[in-house]
Each structure stands twice: as structure tokens, then as C-alpha cells.
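These protein sequence lines are chains A and B, in that order. The opening position of the first sequence corresponds to residue 1 in my numbering, with each subsequent residue numbered one higher. The opening position of the second sequence corresponds to residue 1 in my numbering, with each subsequent residue numbered one higher.
Just so you know, not all the hints are guaranteed correct.
[Unchecked claim] Examples of chain B residues lying across from chain A (beta carbon under 8 Å, computed):
| # | residue |
| --- | --- |
| 1 | T9 |
| 2 | F23 |
| 3 | A27 |
| 4 | N30 |
| 5 | D47 |
| 6 | A52 |
| 7 | Q54 |
| 8 | A55 |
| 9 | P60 |
| 10 | M61 |
| 11 | P64 |
| 12 | S65 |
| 13 | W69 |
| 14 | I72 |
| 15 | R78 |
Read the hints as simulated data drawn from the structure, not as lab findings. None of the values given here were measured: they were computed from a predicted structure. Note that beta-carbon positions come from the ideal geometry of N, C-alpha and C, so glycine has one too.
Next come the chains, spelled out residue by residue.
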Amino acid sequence: MNAGPSQPRPANQHMRRNPPIAGEQEAIDKAREGDARAFETLYAMHKRRVYSLCLRMLGNVAEAEDLTQEAFLQLYRKIGTFRGDSAFSTWLHRLAVNVVLMHLRRKGLPQVSLEETLEPSQDDGPRKDIGARDLTLSGSIDRVTLERAIENLPPGYRLVFVLHDVEGYEHNEIAGMLDCSIGNSKSQLHKARMKLRDLLRTGQRKEQIA
Amino acid sequence: MSVRAMDKTMTCAEFQETLPELFEAQADLNAQDHLTTCENCAALVRDLNYIASQAKLLLPMHDPSPAVWDNIQDALRRTPGVPSAQPGRK
Chain A
1 MNAGPSQPRP ANQHMRRNPP IAGEQEAIDK AREGDARAFE TLYAMHKRRV
51 YSLCLRMLGN VAEAEDLTQE AFLQLYRKIG TFRGDSAFST WLHRLAVNVV
101 LMHLRRKGLP QVSLEETLEP SQDDGPRKDI GARDLTLSGS IDRVTLERAI
151 ENLPPGYRLV FVLHDVEGYE HNEIAGMLDC SIGNSKSQLH KARMKLRDLL
201 RTGQRKEQIA
Chain B
1 MSVRAMDKTM TCAEFQETLP ELFEAQADLN AQDHLTTCEN CAALVRDLNY
51 IASQAKLLLP MHDPSPAVWD NIQDALRRTP GVPSAQPGRK
């Protein structure tokens, strides 16, 4: 897998997720020359987003911190290769995604085994939701509840959901990152959303009973 | 297979099989005939749209512990030719 970031994303995606940050370009320029304070400034600007990305992809605080550290060390080594074809934050976040995926592959990867979770099952297939029509989610889910449900997704589902629905990557980009087909990525995303719906509705039912 | 051509006679299972394609194509799901007669599938579509829209609003909310920056500084100090970072400001 290519560890370096690539593939600039459409301009509207850049602006939605990666608005310009005051002082960032100056910090980039100085960090490329080896200025440690400038690198520290870049860390302060981007640590929350990189760490949150790692945490959502991994669902584990210790691993997320280790890989945040690794992502910024790679940034230090590779910042000279940043050409400005995309927003710096887009480039950095793609670098962080690659760090996480390489870590998961080294672990042996039930985590990114897409085929495992693509096997059809009763849990994933179409259903009529008989007897559940009184429960709809719209307007009822807060951020914390959704974050917790994402944590509880099977790892393969979680990766595709976080990359597509949270981070805004396109299916062709995800397919490239995960070495799967675009169709697999689309299928995984749909199953992830279905599973999230189940998790959220189950949580609502428990709250109603309690 | 045309989804629109079939959806008047679709079962719920058949309609739900087409959902990934419909979402990906950003089709007007309100125009799907099946949804006008099936409250279960209409609720499903509402929920899946809601989940996707809420996910887009999730912001990075967590900071790494200060130990992460300390470890980065330590690693950089051990790297030959790399200037030392200034400690203690994170």
C-alpha cells in the first residue's frame, strides 16, 4: 500500500471539511525548513482532527494515541514532499488514514477483512421491520449516542462508515485504500448504516423500558 | 434493471436490495412508488438518511493526551539532524 497521501479531493469537500487555517501556510513553510516551533504549531492545529480520526477508525484510545504519534512523526519526515496540490489538512488526514490502515494490516486484519463482513447474513439482509414501525430515529439521536453506536460497529463496517460518512471520502478513494472493489465499499457502507440503525433503535428501546 | 420501472410491484426485500444504488445515485427517494405504500420502508429510508446526515455533522471532539506530544518530541530528539522541539507548551 502506498503510505503517502495522494488524490486531492473536490474543492467543495475541501472547504466543507478543511477550511483554511490562519497561519498554517507560514507554519508549513517553516516546518519544511526544520523549524521545530513551526512543527509544534502544526501539531497544535491538527492534533484533534488526526486523533479523532484515529480513534473513530480504531475504537481504542491507546492505539489511537500511538498512531497519532506515528502520523505526526511521518508528517515530520514527509512534509518536504507536500506540494500543495490539495489542502494541507486533506493531505495530512490521508497520511493518517494510511498509517491506521498499515497498522491494521500489520495486526493481521480481521479489522479490515471486508470479505468477512460481506458474507450475507440474516442480520444484514433486507427486512420488513415488522412490529417496529413505531420507532423512528429522526431528530432523536445526539452526538454522543451516535459516536457510541459507531464504536460498536464491527471493525470492517466502522472503517468504511467513518471514511465515507464522517470523513467524506468517495467510494473510489476508499476502494483504493482498502484494496477492495468500489461495489464492496458501497455494500459495506449500506450494511454499516443498517447496523447503526439497529444499534440506535435497540438503544432507544432500552431507554424506553428503563 | 430499471428501479423506477419495477418499484410499483416490488416487495420490501426487492426495494431494500436497490437502496445502496439509490442512495449512491442520490436519487429522489420520495419519488419511489414503493415508499408511497410502505411505511416500513419509508421509515427505513428516513432513518438511513438521518444517520448519514448526522454523521457528516460529527466534529473532531477529542484531544490526545499531553503524553503524545511528549513522545513525539522524544522521538524527534533521537533523530539525528533534527532540531529539538520546544517542550512544555502543549
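Using the nearest Cβ pair, does D47/B come within less than 8 Å of chain A? Given a least distance of 5 Å, the restraint on D47/B holds.
With 8 Å as the cut and Cβ atoms as the points, is T9/B at the interface with chain A? With Cβ-Cβ at 16 Å, over 8 Å, it is violated.
Would you settle whether the hint for M61/B is holds or violated, based on the nearest Cβ-Cβ distance to chain A being less than 8 Å? 6 Å, holds
Does A27/B pass the interface hint, meaning its C-beta sits closer than 8 Å to a C-beta of chain A? 14 Å, violated
Closest C-beta approach of Q54/B to chain A relative to 8 Å, hint status: 6 Å, holds
Taking 8 Å as the limit, does the beta-carbon of N30/B come near enough to a beta-carbon in chain A? 14 Å, violated
When the least beta-carbon distance from F23/B to chain A is tested against 8 Å, hint result: 7 Å, holds
Taking 8 Å as the limit, does the beta-carbon of A55/B come near enough to a beta-carbon in chain A? Since chain A brings a Cβ to about 4 Å from A55/B, closer than 8 Å, the hint holds.
Tell me if R78/B is really an interface residue toward chain A, meaning its C-beta lies closer than 8 Å to one of theirs. Violated. Min distance 11 Å.
Supplied contact hint for P60/B, tested at 8 Å Cβ to chain A: 4 Å, holds
Regarding the hint that S65/B lies at the interface with chain A, is the smallest CB-CB distance below 8 Å? Cβ of S65/B sits 6 Å from chain A, so the hint holds.
Take the shortest C-beta to C-beta distance between W69/B and chain A; is it under 8 Å? Nearest chain A Cβ about 6 Å off; hint holds.
Hint violations for this structure: numbers 1, 3, 4 and 15, all remaining hints satisfied.
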